[in-house]
Every structure is written in structure tokens, then in C-alpha cells.
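Peer 1: Work out the full structure: start from the sequences and follow the hints.
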Amino acid sequence: MERISPIATAENESIWGATVELPRSRRINSDLDCDVCVVGGGISGLTSAYLLAKEGQRVVLLDDGPLASGMTHVTTAHLSNVIDDRFVNMLSWHGESNTRLATESHASAIDFIERVSRELHVDCDFERLDAYLFAAPDHNDVDLHDEFDAALLAGVDVEWESRAPLTLHDTGPCLRFPRQARFHPFKYLDGMVRSFKRAGGKVFTNTHADKVTGGERAAVEIGEHRVQANAVIVATNSPINDMFALHTKQAPYMTYVVALRIPRGSIEDALYWDTLDAYHYVRLQPLDHSHDLLIVGGEDHKSGQATDTEERHQRLIDWASKRFPIGVVEFTWGGQCMETIDGLAFIGRNPLDADNVYVATGDSGMGITHGTIAGMLLSDLILGRENPWETLYSPSRKTLRAVSEFAKENLNVANQYLDWITPGEVKSTDEIEPGEGAILRRGMTKVAVCRDDDGKLTEVSAVCPHLGCIVHWNGAERSWDCPCHGSRFHADGEVINGPANINLAPSSKE
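Sequential numbering of the sequence shown, starting at 739, is according to my numbering.
What the hints contain is simulated information worked out from the structure, not anything from laboratory work. No experiment lies behind these values; they were computed from the predicted model shown. Honestly, I wouldn't trust all of these hints.
[Unchecked claim] Simulated restraints on C-beta separations:
hint, residue 1, residue 2, range
1, H859, E897, 30 to 40 angstroms
2, T757, T905, 21 to 31 angstroms
3, E1232, P1172, 19 to 29 angstroms
Glycine residues also receive a C-beta, built at the ideal position from the N, C-alpha and C atoms.
Peer 2: This is the structure in C-alpha cells:
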């Protein structure tokens, strides 16, 4: 088979934003007062805002870009109650009762999406389907047997199959999980945003929240303007209002995706996962009357800690070509997952903050269902209603059985500060080719230098403004990524993703 390259056939853009434009809004231009201010317009923030507005709350939603332009824009939108970190681990970390509760919460999130899409009359390509977990090459079936037994203890409907329904690849024995789902997240959110606005909700985009404070009246500061509220939800993927409390309990991982055109009906519409670490995850998305898109993800690595990012999309294509009937690469993209030490998101009152500041973070590879859970849980907490998931997802929880994961991730962070004493990656900007970036030592500090395709150089400080780690170049995304807590910046230093909430500083010209 001819080797397919992503370079000439696809831009770094997801199918969701390329096929649906969410409603536009203006930047905030005055002070406002409301019941709840939501910072972040992805799945977590929008679901929270939608539910609160339905209950008659005066809700203001802010996003520093277009709606859903962060991690919701780069999801692959697998809807599953099959926990990403595997049931064997979940039982070890949380015990049987809490693992069942977690599984039930994700199933409830899928039911919620199905119900809301029906109530709002949104055709978002929602489809119930099977999911298949199969062993990767050189992996034996022991792990699958253990996972089967653990899934039964977690209360999940699971069955053994002789193989997954793939004609080009014999997976061998696999697990089948019925009643999972997939959808088009932007079609769904388009309906949700319009319903939110009809209920009186206000949306402001290109509106950067500089500071969040709690107290008797919480406040969000945006330049010279301020939004005051009875409660604030920070739903920015990685919290921008927290220095340490949550960032020591989760770690950032980059993941990569390719979407390839295939003939309609050439493979069964299902979710497919293998057992690699990092594993591959596959689904279909309807494209036109005769074709689907095969969406393949994987090749994960710790953010800012890989030097071969440009190769990740090609590896996904090569892997898929041995298992699926693939064609033209239509889209390639990447995103960042926040992996918690115990596999569950942090949703609730922000630790070490006032009681009226809430947070949602730690998607752990299940961003759409965790984000939907966040909306359901946070709206209940703010409205004073009991919710059975409150303790399970509490950001203040201490999962003692996951202490080894906590130690491993924080040792990794500590090691990143050694970058301060190492030489630069290049000695001169002359060594940086068009489309590339590198770290250059300049006296006692380091600068981040990149050259665009036209040969123009851009220099900024290499020091992350969150906690002072040295950023690294991500060639696939053309971004500067912090290897400590996952802050990400455009090539010119503009902040993309927290916890940093300001841009990389101008470079030193010593």
C-alpha cells in the first residue's frame, strides 16, 4: 500500500469546527452583575450555564476565544462509561462501590446528551453503538480477562467476543461493551448555546478573565471590567485560578488525531480501543452519503516531553492502514488531556478558595462525559441540591491508594527544573529551520526561538509564567508547551491553555 502522508492533505484542524460554526458573540464592554459567572465555554462551562439558566439563574458565560475553541474543539467525542484508566485500576484506587458510582455517572452523562439533543431537536449524529477493547500485538489475553472481571464488579454490561468486527485485522478475543455512543459535539453545543441564550443567558467571547476571587460576592476581572456574581465556575480545562492545590494531582498529556475518508459501510460503526499504553482509540463520523471519516487517536506523551511530535500523526496513519480500509487524510489535530492521579475528574468547590468558587478539571481522557457530569453536578451544588457524585468528584479528595501515582508525577515535574542548568538546544538561531523552534541559552536565562515558513524569527522568554519551568517546542502543534503543568503558548508566546494566564514574556536581549 502507498504510504499516506498527512502533511500535504490536511491542516491542523478538527472536523467539528470545520463543519459547524457556533454562534458568535462580542467581547464584554461593561461591568455586569449576575447569579453565576462561568469562565470557559467548552462542554463543562456550557452544560453548567445551560442547566443553571434553565432553573432561572442569571448566568454570564465568558471565554477568551470563540466558544468551544479549547479542548472541546479537539475531542474525538467517544461517549462511554468504560473508564479510560481501566476498571482494574479504578477498583484498586476507589473500591467497588465508588467505581460503580463513577461508571453510573458516565452512563448518566450519555443519557443526558441523548435526552437534551432530543428535547432541543438537535440532529447531532448521536448514535448508540458497541465498543470493543482488544489486545495490542505482543499483549496477551490475561489483561483482558482481568478487565472483564473488573468490569463486571463495576456493574458494566460486558461480553466476550471471538474478535472485533474488522475484516482487515484479526484482533483475537476482545471485550464488547454495548450501549456506548458517539456524536458531533459542535452540532450538539450549537443547540445548547441557542437554548441558553433564549433562557436569558449572556455570552461574551474573546474575553480573557484576568483574575477570579471568591467571597460574599465573587468577582471575575476582565481588564477594566468586572463581573460580580453569587458564584463562579472556572471551567478552563486547566484551572487559571489555582497555583498548586490541583496541579500536583493531575498531569498534562498531549494526544494526536487523524481523520481519514473511508467508504460508507466498510467497517462496523463502533468504538474501538486497544490495550497499548498509550492506547489507540477509533470511531466513525458520518461525512456524506457515500463516505465516513475514520477518526484515529493516540500516540500520547507527557506535554513538553517529546522531541518527535511531528512524527505522531504519521504513526497513527501507519497503524490505521494495517487495520482499516483508509483513504485520504481529511483532518489532523492534537489536544491536551489532564490526567488525574486516580482516573476521575475534579469537580466541585475549589480547594483553598471561598465556598462560592467552583472548578471543573481533570478530564482524564473522557472529556465529553466528564464535562457533562460537571454541568450536572455543579448546577446541583450551586442550587443547593444534593448530588450522589459530590464526594466522588470532590477536588479536595485524597485518594490514598493512588499515592504512588502522585509521587511519580510530582517527581517528574521536579526533574523538569533541571532544564535551567542545561545548555540550549541550539547555539545559534542559524540552526533553526523554517517551521521549527528551539531553546537558546542567553546568559543566565533561556529564550524560545522559532522560525516561520517564510523564515521570520520570533523570540520570547522560555520561562513559563505559571511556576517557572522551561517550555519546549511542539513541532506538530507549532506551540511552546510547558513540561511541568501543561501551560501551552502559540509560537509568538500568546497563552493557549492554563494554568498560566498570561503570555510568555518578551525575550532578554543581553
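Peer 1: Run every hint past the structure and note whether it holds.
Peer 2: For each hint, the structure was consulted:
no.: 1; hint: H859 - E897: 30 to 40 angstroms; verdict: holds, 34 angstroms
no.: 2; hint: T757 - T905: 21 to 31 angstroms; verdict: holds, 28 angstroms
no.: 3; hint: E1232 - P1172: 19 to 29 angstroms; verdict: holds, 20 angstroms
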